[in-house]
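Peer 1: Here is what each chain is made of, one letter per residue.
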Amino acid sequence: MSDLELLCPSCGAAYLADDEFCESCGSRLPLHGDRDHAEADAGTAAAVTDRGLVHTRNEDAFAVVAAAGRAAAVVCDGVSASVAPHLASKAAADAAGAVLRDAIARPQGESGSEICAAALDAARDAVAEVPTDSVDDMAAPACTFVGTVWDGSEITVMWIGDSRAYWVDNTGAVLLTTDNSWAQEQIDAGMLSEAAAVGDPRAHAITRWIGRDAVDGDDQIAALRPRRPGRLVLCSDGLWNYTPNVEDMAALIAGQPSTLPPIELARALTRAALAVGGHDNVTVAVVDVVPDDADISKPKEGS
Amino acid sequence: MITFDSHTFQNEYLPVGGTEMNAVVTVTAVVGAHEAPPVDAEVIVVIDVSGSMNYPRAKLNAAKAATAEAIDCIRDGVRFGIIAGYERADVVFPTRASRDRLAVASNATRAEAKKLVKKLSADGGTAIGTWLRCANEHFGIEPGVIRQAILLTDGCNESEQPEDLDAAIADCEERFQCDCRGVGSDWDVDELRHISSRLLGDVDIIPEPGEVAAEFRAMMQRAMAKATTDVRLRVWTPVGAHLKFVKQVAPELEDLSARCVQVDDRTADFPTGAWGSETRDYHVCITVPAHDPGDEMLAGRVSLVVDGEPGSPSRIRCEWTEDEARSTRINREVAHYTGQVELADAVQEGLAARKAGDLDTATVRLGRAVQLAQASGDEQRLRELARVVDIDDATTGTVRLRPSVEKLDEMVLETRSVKTMRVVRAPGA
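Which chain is which? The protein sequence lines are A and B, in order. Position one of the first sequence corresponds to residue 1 (my numbering), numbered consecutively onward. Position one of the second sequence corresponds to residue 304 (my numbering), numbered consecutively onward.
Treat the hints with caution; some may be incorrect.
Said to hold, decoys possible - Have a look at the derived ranges for each label pair, beta carbon to beta carbon:
#	chain 1	residue 1	chain 2	residue 2	range
1	A	T207	B	F307	32 to 38 Å
2	B	E323	A	A14	26 to 32 Å
3	B	A528	A	G199	49 to 55 Å
4	A	T207	B	R629	56 to 62 Å
5	B	R629	A	S258	53 to 59 Å
6	A	A14	B	E476	37 to 43 Å
7	B	R686	A	A14	56 to 62 Å
8	B	E612	A	T207	47 to 53 Å
9	A	H279	B	A336	51 to 57 Å
10	B	H310	A	T207	35 to 41 Å
11	A	D36	B	R629	24 to 30 Å
12	B	F307	A	A196	43 to 49 Å
Claimed, not checked - These stretches of chain B come out as covered by chain A in the derived footprint (C-beta under 8 Å, 3 or more residues):
#	region
13	351-365
14	634-640
Treat the hints as calculated values from the structure; they're not laboratory data. Note that the Cβ used here is the ideal one computed from N, Cα and C, for glycine as well.
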């Protein structure tokens, strides 16, 4: 992929994502720390990413698209233990975003699950192509992935890792994803209580990711046919760390005015994470969902 | 198992317009304590049996006793041989009857070798090139074997032309390492230094015959402790940068620039021979194109290639700054070794001037040497210098040349001028 070619600003020689200095002229290479804070507003879909208050660079990335009652979003969080996580997440989000943009622009093409799968495949390929010098694949560039498509009637979500998607409407919030994390696996296996698992130092270790050294596994997909208007909220753990329980997340979102446009809600949730410490990179994508046949969109007569 | 660890010491800040970056790279090798040295080794002792070894008689006897001591230090299983050198070279052990190139060390072979060494008598001239060629013929050719020669002489290479010696050295390069010892004061420091330098060994003076045995024992023990055959210092520099020099600065000064083996356009290797548990320091000087204040670049990368395996590199960085407080600070290690090099130069130039009859230059240079030795706390060097000059004030370097100086004292000073003090680091640093 041509946009993955990294060229030294001083001499033009190609370099690898894990190089700090140019292998040709020795110049210090850019850190790619230009995502300290980024926003995108596509109307019914919007996203915000922020470096946070502790980390020196932002290793999260996103993509959002919206057109004619349809929308899609992706959030990726680079795996810090890998080489060049900031480039992995950027490559994944850009590649997935390109697929989603095409799909959303095409009226009534593939199904939501086909689009999500194509976006995830593109993200996988892009991460695998991030040029690095690492000899052992243990540190190969890697990131999480959560992508969603709203096609006007159905929501589809696919994910790998611990970035999350919530469905939020006026009845509360539902967590659509299941973390591929050590803590979640312990809970699922009945090994530990939720409190014990979440409190363990290993809790946040993720068990699946995308990258050259990723372990194979089934596609993880969730679908929802909403009956009433609501919002999809995608986020990296930089946000949900502060509200690990779905009730807390619901309360956080319910605390925001319901009239906020997606970009404003994304900003508000990002600010909320920063206000309580901003210990990690924070990324929030919000997609407005208004079903054509929404039965609660109109106030019930007589109530 | 031998492990290597390297650290780079430098002041990475350059002033605006600055183009020269100096760094000291300290390399420490540690051989696992409870492991038998895993490396196959061959060792040959070359002793001078020219006629002069009879004067005084004690010299030949000391050399024979020392060789016996060295033989006792050879580990079981190591292949060894003894060569007696005069205007020719005789293989004393293993005997021709055995038809072996070298003998495998055991109680029996060590005893037989010592018996034969005891019978040696001295006569004839000195042809060190011939001795080296003889050793070269008896060392094996299998890769991955440590090959070490220990050479003792008491005289100059009078039975050969310098070209003969040079050609012999060229044949032996990269075949084996050779440590040279001169006993007494009738040998030529430059000649032995030339041999040991090209054969990756060291040279020292043994002033008294009685000291040969202890020195030989120590040399053989060091040879037996080597755990890797071929270690190279690898330096990478970017396009536009130039490697000005690479010097070993501890334990002895040795300009490695002449040993440079170009690996590719930007990478050069400098062979350092076999290593045991030891620490060596290197001074690397790289010129770089001047950059703007705030710019940062990688001026070079230094790594060790151990038996063909490149290790993880350490970086030599540059950052340009307008802050003179940063750029003018000289790194302590670099300053220390720059001083040690100047000390060696002062000793060598002072002695050369004295020999040439230029007493003013000799006084100035040896005075400077005294001053530098004093500044670095080098007591041993001050004692050696005090045998050549009368020191009025070491701190200011005020000295008077002594009217008569023992040649031996001069040679001690000259031979050991390249030995350096290691930089003293605070505990834990």
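Peer 1: Take the hints in turn and mark each one as holding or not.
Peer 2: Hint by hint, here is what the structure shows:
no.	hint	in the structure
1	A/T207 <-> B/F307: 32 to 38 Å	holds, 37 Å
2	B/E323 <-> A/A14: 26 to 32 Å	holds, 29 Å
3	B/A528 <-> A/G199: 49 to 55 Å	holds, 52 Å
4	A/T207 <-> B/R629: 56 to 62 Å	violated, 47 Å
5	B/R629 <-> A/S258: 53 to 59 Å	holds, 56 Å
6	A/A14 <-> B/E476: 37 to 43 Å	holds, 39 Å
7	B/R686 <-> A/A14: 56 to 62 Å	holds, 59 Å
8	B/E612 <-> A/T207: 47 to 53 Å	violated, 34 Å
9	A/H279 <-> B/A336: 51 to 57 Å	violated, 44 Å
10	B/H310 <-> A/T207: 35 to 41 Å	holds, 38 Å
11	A/D36 <-> B/R629: 24 to 30 Å	holds, 28 Å
12	B/F307 <-> A/A196: 43 to 49 Å	holds, 44 Å
13	351-365	violated (count 0)
14	634-640	violated (count 0)
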